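Visitor: Assemble chain B with the ligands onto chain A, guided by the hints.
Read top to bottom, the protein sequences are chains A and B. Following our numbering, the numbering of the first sequence begins with 1 at its first residue and continues without gaps. Following our numbering, the numbering of the second sequence begins with 1 at its first residue and continues without gaps.
Mixed in with the good hints there might be a few duds.
As the list claims (entries may be wrong) - Derived PhoX-like pairs (lysine-lysine); straight-line CA-CA distance at most 25 Å:
(1) Lys179/B with Lys130/A
(2) Lys228/A with Lys203/A
(3) Lys203/A with Lys59/A
(4) Lys58/B with Lys214/B
(5) Lys59/A with Lys101/A
(6) Lys179/B with Lys101/A
(7) Lys179/B with Lys59/A
(8) Lys224/B with Lys214/B
(9) Lys58/B with Lys224/B
Because the hints were derived from the structure by calculation, they are not lab data. Since this is a predicted model, take the numbers as computed values, not measurements.
Below, each chain spelled out in residue letters.
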Amino acid sequence: MAAIELTEVTKSWGRTVAVGNISFTVDSGTFVVLLGPSGCGKSTTLRMIAGLEEMTSGKVMIDGRDMSHAPPSARRVSMVFQSYALFPHLDTRQNILFGLKVRRVERAEQERRLAQVAEMVGLDRLLDRKPSQLSGGQRQRVALARAIVAENSICLMDEPLSNLDAKLRHEMRVEIRALQERLGMTVVYVTHDQTEAMSMADKVILMREGRIEQTGTPDRLYDRPSTKFCAEFIGTPPMNILRLSDAGGAAVIAGSDGPAVVAGSGDGYELGVRPEHIGVAASGGVPATVDSCDYLGADTIVSAQIGAQEVLVRTPGRFGFAPGATIGLTWSADDTHIFNSGNGRREQGAAALSVTA
Amino acid sequence: MLLTPAAILLIAFTYYPAVATLGQSFFSAGTALKPSVFVGVENYSFMLDDEVFWQVLKNNLWYAVGTIPASIAIALLMAVWVNGKLPLRGFIRMSYFTPTVLPMIAVANIWLFFYTPQIGLIDQVAGVLGLTTYNWLGDPDTVLTCIIVMTIWKEAGFFMIFYLAALQSLPPELEEAAKLEGAGRWYYFRRVVFPLLMPTTLFVLINAIINSFKLVDQLFILTKGGPDNASSLLLYYIYEVAFSFFDQAYASTLTVVLLVSLAVIAIGQFVFLDKRIHYR
Ligand SMILES: Nc1ncnc2c1ncn2[C@@H]1O[C@H](COP(=O)(O)OP(=O)(O)OP(=O)(O)O)[C@@H](O)[C@H]1O
Ligand SMILES: [Mg+2]
Numbered sequence: 001m002a003a004i005e006l007t008e009v010t011k012s013w014g015r016t017v018a019v020g021n022i023s024f025t026v027d028s029g030t031f032v033v034l035l036g037p038s039g040c041g042k043s044t045t046l047r048m049i050a051g052l053e054e055m056t057s058g059k060v061m062i063d064g065r066d067m068s069h070a071p072p073s074a075r076r077v078s079m080v081f082q083s084y085a086l087f088p089h090l091d092t093r094q095n096i097l098f099g100l101k102v103r104r105v106e107r108a109e110q111e112r113r114l115a116q117v118a119e120m121v122g123l124d125r126l127l128d129r130k131p132s133q134l135s136g137g138q139r140q141r142v143a144l145a146r147a148i149v150a151e152n153s154i155c156l157m158d159e160p161l162s163n164l165d166a167k168l169r170h171e172m173r174v175e176i177r178a179l180q181e182r183l184g185m186t187v188v189y190v191t192h193d194q195t196e197a198m199s200m201a202d203k204v205i206l207m208r209e210g211r212i213e214q215t216g217t218p219d220r221l222y223d224r225p226s227t228k229f230c231a232e233f234i235g236t237p238p239m240n241i242l243r244l245s246d247a248g249g250a251a252v253i254a255g256s257d258g259p260a261v262v263a264g265s266g267d268g269y270e271l272g273v274r275p276e277h278i279g280v281a282a283s284g285g286v287p288a289t290v291d292s293c294d295y296l297g298a299d300t301i302v303s304a305q306i307g308a309q310e311v312l313v314r315t316p317g318r319f320g321f322a323p324g325a326t327i328g329l330t331w332s333a334d335d336t337h338i339f340n341s342g343n344g345r346r347e348q349g350a351a352a353l354s355v356t357a
Numbered sequence: 001m002l003l004t005p006a007a008i009l010l011i012a013f014t015y016y017p018a019v020a021t022l023g024q025s026f027f028s029a030g031t032a033l034k035p036s037v038f039v040g041v042e043n044y045s046f047m048l049d050d051e052v053f054w055q056v057l058k059n060n061l062w063y064a065v066g067t068i069p070a071s072i073a074i075a076l077l078m079a080v081w082v083n084g085k086l087p088l089r090g091f092i093r094m095s096y097f098t099p100t101v102l103p104m105i106a107v108a109n110i111w112l113f114f115y116t117p118q119i120g121l122i123d124q125v126a127g128v129l130g131l132t133t134y135n136w137l138g139d140p141d142t143v144l145t146c147i148i149v150m151t152i153w154k155e156a157g158f159f160m161i162f163y164l165a166a167l168q169s170l171p172p173e174l175e176e177a178a179k180l181e182g183a184g185r186w187y188y189f190r191r192v193v194f195p196l197l198m199p200t201t202l203f204v205l206i207n208a209i210i211n212s213f214k215l216v217d218q219l220f221i222l223t224k225g226g227p228d229n230a231s232s233l234l235l236y237y238i239y240e241v242a243f244s245f246f247d248q249a250y251a252s253t254l255t256v257v258l259l260v261s262l263a264v265i266a267i268g269q270f271v272f273l274d275k276r277i278h279y280r
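One chain only, chain A, in its complex shape (with noise of 0.2 Å):
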């Protein structure tokens, strides 16, 4: 069953369209990444389902029921801040069991879930502290707590690793991943990063200037991207966009006197190929000349020319060729995309050509 279902949602303030129409649905028990440059209507969106934000127009359905003018109180959802927004005055206790005793929880009860929810997530001995007095991971925590301990089935999240170091953001994710399986809740999960969405999410749900660009697995994300947009936002670094021109029937890179690499008119089409599926030899394939490399460790990110287009390459390893050398670029065909240059969308019927060395 859908635990969240947004029809046909607006919000516009004055001129400003924040988030224009926007429908889509939220498996329960699912997590679900809302993924977006900065500024694209996250938050907007996320703060509509909370009843946060009131909507221009359209309709907010949680667990089957209408909740489009229901105040934030009555939705019975929880949510997580980038700010943690915990009560500066009140210790670790008390901004956990903020809601329950709002709400009247037994006594009894109240203590249980404490106990159940700071072992959950390792705050059992910090119970005492106030805010100011935890670190920036274990404030997250507290706000993840909070969250946990309202029991509601859904939970949503706004950028909560924004402010943790590299290290500590990716413990929390697998964290918040592993205890919403444990407890079988829905998230929604809002980020402008990419690989959390792709580590994180069942289901990516891609925004650009307040439209979804397209809803999907990671692995749909990243196989299928259905425009130039999607291409070039999932994926580090991001996938090679080529322009193509016509060459005697077929199609080449622009620029280059290589191979064909689609059948077909060239002219108005670019070709997308992920770093990560090209292939380097000494010879063939398409020609390129090595600008520059900047060696990671386990790969070596090369940046070579063809013609006058800049193309990445990610090789395994060192990488053996001096800058200013020619190399040969290979791909096989079922990794590459190809895109109209003109709405940036996917050209379904095109056939690409594997280039071989």
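Guide: Same frame as chain A, now just chain B with the ligands:
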């Protein structure tokens, strides 16, 4: 070393007069014919027998009790109200701010216009309603209340600024988080806003107490302490003793009493309240 100039100024203008005052309070008032002599605690025992002193002290206590809680409560109320999403917020904020920038003398003049019998605003309105005119400032029973009301009006606007600044610094997510947990506005105010405003409240409280002993400008305009000392306050009495009766010694004695009571109050506040306040 760098502090020396500041220290000299502090000693010259603060500590020396204070110590000199303390010294003077143990001497008799000198005149051209009769030089001042050491009289020990005679000034103090005179004070204890001085009916006017007790009257003035009582007035001042009532004045404090009347103005402090009321002005703080009104300030907080107005700040919370003005801080909400009100139309014309800027205008309302400014209109409450106005009493603050006005000097007390000007405020007193405005209120004089309210209180004056027959031609004053209050009596004009009363006249329309068919009530008899009344000399609010001329009656020992009402004059202190009149002064208190006026002071509240001025102080509340001033204190509201501090509350407003504190309210603006509260992150809006706190209210949203509370809302999601099902807390109503009143619960949120009681359990979150009010405790977080405690440092401001302490600051305002100390100011209010000090002001209740310090603000006497309005008496010069409105009542000159009368009728029959019914509206006189401690500091105004000191002024009278020193500059109308020219009894420097007795004025010093009263000053010492005033300073000591203020010091005791301030220390007491810090000791009792500090532990219970959350500072960010
Ligand atoms: N209160 C507001 N008044 C006017 N415009 C707003 C308001 N809140 C948000 N917006 C606008 O709505 C758009 C979407 O904002 P939103 O906060 O949802 O973005 P976001 O995707 O969460 O971005 P970020 O990743 O930076 O948090 C932005 O262009 C923003 O300027
Ligand atoms: Mg946001």
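Visitor: Compare the structure with each hint and give your call.
Guide: Hint-by-hint comparison with the structure:
1. Restraint check: the Cα-Cα separation between Lys179/B and Lys130/A comes to about 21 Å, which is no more than 25 Å; the hinted pair holds.
2. The hinted pair formed by Lys228/A and Lys203/A meets the criterion: a straight-line CA distance of about 19 Å does not exceed 25 Å.
3. A hinted pair counts as satisfied when its Cα atoms are at most 25 Å apart, and Lys203/A with Lys59/A qualifies at roughly 21 Å.
4. Our distance criterion of 25 Å between C-alpha atoms is met by Lys58/B and Lys214/B, whose separation comes to about 15 Å.
5. Only pairs whose Cα atoms come within 25 Å are accepted, and Lys59/A paired with Lys101/A is rejected, the gap being roughly 31 Å.
6. A distance of roughly 13 Å separates the Cα atoms of Lys179/B and Lys101/A; the hinted pair therefore holds under the 25 Å criterion.
7. For the suggested pair Lys179/B and Lys59/A, the alpha carbons sit about 21 Å apart, so the restraint of at most 25 Å is met.
8. Simply put, Lys224/B and Lys214/B have alpha-carbon atoms about 15 Å apart, close enough for the 25 Å limit, and the pair holds.
9. Pair hint Lys58/B plus Lys224/B holds up; C-alpha atoms about 17 Å apart against a cutoff of 25 Å.
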